[in-house]
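There are 2 protein chains.
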Amino acid sequence: MAEELKALIRNVPDFPKKGIVFRDITTLLSEAPQFVRVVDRLAEECSKKNPQAILAVESRGFVLGGALSYRLELPFIPARKPGKLPWNTEKEDYELEYGRATLEVHTDAIKRGQRVVIVDDLLATGGTALAAAKLVEKLGGKVSGMVFLVELEFLKGRQCLKGYDLFSLVKYATE
Amino acid sequence: MAEELKALIRNVPDFPKKGIVFRDITTLLSEAPQFVRVVDRLAEECSKKNPQAILAVESRGFVLGGALSYRLELPFIPARKPGKLPWNTEKEDYELEYGRATLEVHTDAIKRGQRVVIVDDLLATGGTALAAAKLVEKLGGKVSGMVFLVELEFLKGRQCLKGYDLFSLVKYATE
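In order, the protein sequences belong to chains A and B.
Okay, so the first sequence: first residue is 1 according to the working numbering, each after it adds one.
Okay, so the second sequence: first residue is 176 according to the working numbering, each after it adds one.
To be clear, the hints were calculated from the coordinates, so they are not data collected in a lab.
Errors might be hidden in some of the hints.
As the list claims (entries may be wrong) - List of simulated lysine to aspartate or glutamate pairs, EDC-like, C-alpha gap at most 16 Å: (1) K259/B to D24/A; (2) K84/A to D199/B; (3) K138/A to D93/A; (4) K84/A to D189/B; (5) K286/B to D121/A; (6) K181/B to D340/B; (7) K259/B to D14/A; (8) K259/B to D165/A; (9) K84/A to D296/B.
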């Protein structure tokens, strides 16, 4: 399945900056039967982690997260860029592949002890996923796993996410 | 159903600026049974418009759009803020409630004659939805309808969207 999906992902050289090959999943999302297969497969992996909620990372993570919440009938929790969530938030700063960023989650979005699966389209350096995990834990939740559509293995995101149960569907060993 | 959903939407005064009451749907998204009902209901309305693809507007529109694409087994097309899509795009500038903005869609995301439903969480002044519709049409597609979770009727978004087939689930007549 991974190789078939890879054939649907577009490689865009020099985006967002020179020397980076961007893996563009929009060409996969527009192939409906494959998108459905992706969601079903990720849902299966989520289920194994026995979650009580899905936390998805803005923006592309929302596409998968929304579909997974629907499919698994689990609460959808958005992790957003600063200033987007209207109510009280917990914040976490982090390094990402091309700079620094901040992630926010509403302080009442996670219940004490709630088991949360973190969903994003891409695992790169792991900075975003780690920030999301810290937010879940700060708010009293438990990270029961992380699920990604694409993993850029050469960026070694898994190293900074040790101790978390990770799954990715499509892996790129080299740039 | 609309009144039940309204009870789950949080009203945040003075966001994003003084005098505005922000309708926060995150509290609804975190109620899984209601989120599933919302998606099923919107899917039913989408189906009536006989679409061949779902175009969703970044970011909150992605949550509903992802779930609807999955549910209806239709291609997912993202409309994003400038600079986010990695490939060739068509752009459309527009006015929105709190300023100006630009929306982009990949030029190959829509096929000639393809019937597209536009999905977003919120219909406010209609500027964003109109920009999305123009993009669909510029790229040779046909807007078969628009579907929203929330409509702020007092902002009269429908006036600038005349000729389009609109559906919204939860309506606010006054601020």
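Outcome of the hint check:
no.: 1; hint: K259/B to D24/A; result: holds, 11 Å
no.: 2; hint: K84/A to D199/B; result: holds, 11 Å
no.: 3; hint: K138/A to D93/A; result: holds, 13 Å
no.: 4; hint: K84/A to D189/B; result: holds, 14 Å
no.: 5; hint: K286/B to D121/A; result: violated, 25 Å
no.: 6; hint: K181/B to D340/B; result: violated, 23 Å
no.: 7; hint: K259/B to D14/A; result: holds, 14 Å
no.: 8; hint: K259/B to D165/A; result: violated, 29 Å
no.: 9; hint: K84/A to D296/B; result: holds, 14 Å
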